[in-house]
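Chemist: So the protein sequences, as listed, match chains A and B. Number 264 in the numbering used here belongs to position 264 of the first sequence; there are no gaps in the numbering. Number 451 in the numbering used here belongs to position 171 of the second sequence; there are no gaps in the numbering.
If you're looking for bench data, these hints aren't it; they were derived computationally from the structure. Quick caveat, the model's predicted, so the values are computed rather than measured. Think of the CB as a built atom: it goes at the ideal place given N, C-alpha and C, for glycine as much as any other residue. Just to be clear, a hint being listed does not mean it is correct.
SDA-like, lysine to any residue: derived pairs with alpha carbons at most 20 Å apart [as the list claims (entries may be wrong)]: (1) B:Lys-322 <-> A:His-250; (2) A:Lys-39 <-> A:Ser-263; (3) A:Lys-228 <-> B:Lys-322; (4) A:Lys-196 <-> A:Ile-21; (5) B:Lys-372 <-> A:Lys-228; (6) B:Lys-425 <-> B:Lys-372; (7) A:Lys-228 <-> B:Thr-324; (8) A:Lys-165 <-> A:Leu-180; (9) B:Lys-322 <-> A:Leu-180; (10) B:Lys-317 <-> A:Leu-180; (11) A:Lys-194 <-> B:Leu-337; (12) A:Lys-194 <-> A:Ala-239; (13) A:Lys-237 <-> B:Lys-425.
Some chain B residues close to chain A (C-beta under 7 Å, calculated; not the full set) [unchecked claim]: (14) Glu-315; (15) Ile-319; (16) Arg-320; (17) Ala-321; (18) Ala-360; (19) Asp-361; (20) Val-364; (21) Arg-385; (22) Ala-396; (23) Lys-416; (24) Arg-419.
Letter by letter, the chains look like this.
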Amino acid sequence: MTQAILEADQIPTQNLAIIPILAPAPIAVYQKRAERLAKLAIDSPMVDYLTLLEQLVNMQVSLAKNADFGAMPSFVSGQEMPFSIEHCGDNQYWQVLLLELISGLLPVVSEQIAEVLQTLGQLDQAILADYGNALRRGEFSRVPAQYSLFIWAAMSVYWSHWAAKPIPELTHQVTDHKQLCPVCGSHPVVSMIKDKPRTGLRYLHCSLCETEWHMVRAACTVCDKDDKIYLWAEQEKQASVRIESCDHCHGYTKMLFTDIDPSLEAAVDDLATMYLIKYG
Amino acid sequence: MNRRQFFKLCAGGVATSAIAGLGLMPTLAFAAPREFKLIRAKETRNNCCYCSVGCGLLMYSRGDVSKNVEPSLFHIEGDADHPVSRGALCPKGAGLLDFVNSPNRLQYPEYRAPGAATWQRISWQEAFTRIARLMKDDRDQNMIKTNAAGTPVNRWMTTGMLTASAQSNEAGFLTQKFARGLGLVAVDTQARI
Ligand code: SF4
Ligand SMILES: [Zn+2]
Ligand SMILES: [Zn+2]
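Using the sequences and the accompanying hints, generate a full structural model.
Modeler: Next up, the structure:
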């Protein structure tokens with residue numbers, strides 16, 4: 001962490017309370033993701049895949065800006081994980097977004113990907129719904145691998161659009177369980193160590209709705225124990241990517257220190273550092 | 281599905297985010313771009329003990345406690361989650377690493393005779409005996425039992441005491457009892473320094 005040095009008159013004006021849940025700003029999130037993908041694609045052996053992702057994320061930007069999201073999904077105010085699949089049920093409005101995503105991508109992608117997209121776009125609504133629900137439940141093997149990315153991308157645009165709505169009603173009683181997203185109940189991608197709103201705080205980043213929620217540092221994000229926590233990194237000091245592991249449950253989380261490297265992006269840099277996990 | 285099962289799935293090729301591998305990700309992503317080695321550090325939450333604020337710290341050390349290797353501290357930073365200090369440290373706290381690892385760190389009692397230029401190492405027993413002797417002599421000579429009006433006051437004004445800052449309530453209580461029991465008036469604490 002970088003140690004801030006403050007002038008005396010700045011000290012009382014800081015707002016230091018920890019904000020427990022940061023609502024996503026989807027357009028900004030996807031824009032930053034697309035920029036990061038473009039940067040990493042240069043010189044990458046995965047250039048084809050990264051370029052496809054960049055096209056996909058750019059479509060997410062334009063959907064987040066312009067799409068018709070229909071009526072707000074209903075939720076019980078103050079309920080735990082109000083947009084989780086258990087509580088919010090079988091919402092299929094994302095399928096409209098998927099079709100727009102497909103039509104936007106078709107002209108720009110390779111022939112091979114275009115074929116995948118065309119068959120995906122012709123699938124029966126009920127089958128798509130089933131695939132979407134399976135992914136949200138973590139039953140990845142039930143969904144043909146070539147479709148998952150696009151289905152998830154459409155669902156992500158949909159849920160990130162609405163995620164901010166139930167957050168003001170969520171009290172600490174229903175957000176005390178830190179393992180899953182307090183809004184949609186999905187798993188976090190990574191831990192983001194923030195520079196803002198306050199340097200050094202850890203927020204977990206939702207893999208679906210892009211919400212971020214605070215979790216104390218130096219404690220296991222899986223089992224909550226705090227006495228056998230290890231950090232792994234390629235260098236001893238100021239490493240911008242580290243892995244926090246727990247010797248109790250052998251769980252781990254990747255930590256991206258945005259106070260050290262502000263260009264880090266949750267989903268992209270998780271992908272870019274996959275090789276670290278293979279090592280562990 | 282809990283996180284454990286999820287991580288198992290991840291290890292099996294399905295990753296934590298959509299773009300990192302729900303489906304299309306090439307196995308290339310798992311190939312390291314260069315030779316690398318991961319260094320392991322133990323991460324511990326603690327408090328700075330140098331004044332009564334008790335600022336929160338995150339401390340990082342090398343060495344494996346379970347294998348009886350002496351852990352060595354290599355980095356300390358403010359704990360942003362701490363409800364009082366919220367990640368901030370004063371210059372004393374920010375320099376803690378140098379205190380802990382300082383070659384000049386005091387590890388045993390030393391004595392410098394009046395007028396002498398050098399310090400000599402003494403045992404704890406010698407130190408206690410000497411301090412007790414000097415205190416007793418000074419107190420015997422200078423203890424004020426009554427004031428001018430004859431009211432008992434029991435003040436010992438010629439010696440002072442500087443107490444530790446990072447004490448529990450109970451230790452603070454005992455310290456106070458001890459100092460006031462002797463009649464000491466000038467009692468201060470490291471917390472103010
Ligand atoms: S000495 Fe400084 S860092 Fe340590 S507890 Fe006091 S104010 Fe905090
Ligand atoms: Zn979420
Ligand atoms: Zn654990």
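Chemist: Against each hint, give a clear statement of whether it holds in the structure.
Modeler: A quick look at each hint next to the structure:
no.: 1; hint: B:Lys-322 <-> A:His-250; result: holds (14 Å)
no.: 2; hint: A:Lys-39 <-> A:Ser-263; result: holds (10 Å)
no.: 3; hint: A:Lys-228 <-> B:Lys-322; result: holds (8 Å)
no.: 4; hint: A:Lys-196 <-> A:Ile-21; result: holds (13 Å)
no.: 5; hint: B:Lys-372 <-> A:Lys-228; result: violated (28 Å)
no.: 6; hint: B:Lys-425 <-> B:Lys-372; result: violated (41 Å)
no.: 7; hint: A:Lys-228 <-> B:Thr-324; result: holds (8 Å)
no.: 8; hint: A:Lys-165 <-> A:Leu-180; result: holds (18 Å)
no.: 9; hint: B:Lys-322 <-> A:Leu-180; result: violated (25 Å)
no.: 10; hint: B:Lys-317 <-> A:Leu-180; result: violated (31 Å)
no.: 11; hint: A:Lys-194 <-> B:Leu-337; result: holds (17 Å)
no.: 12; hint: A:Lys-194 <-> A:Ala-239; result: holds (14 Å)
no.: 13; hint: A:Lys-237 <-> B:Lys-425; result: violated (60 Å)
no.: 14; hint: Glu-315; result: violated (10 Å)
no.: 15; hint: Ile-319; result: holds (6 Å)
no.: 16; hint: Arg-320; result: holds (5 Å)
no.: 17; hint: Ala-321; result: holds (5 Å)
no.: 18; hint: Ala-360; result: holds (3 Å)
no.: 19; hint: Asp-361; result: holds (5 Å)
no.: 20; hint: Val-364; result: violated (10 Å)
no.: 21; hint: Arg-385; result: violated (22 Å)
no.: 22; hint: Ala-396; result: violated (41 Å)
no.: 23; hint: Lys-416; result: violated (46 Å)
no.: 24; hint: Arg-419; result: violated (44 Å)
In summary, the structure is inconsistent with hints 5, 6, 9, 10, 13, 14, 20, 21, 22, 23 and 24 from the numbered list given earlier, while agreeing with the others.
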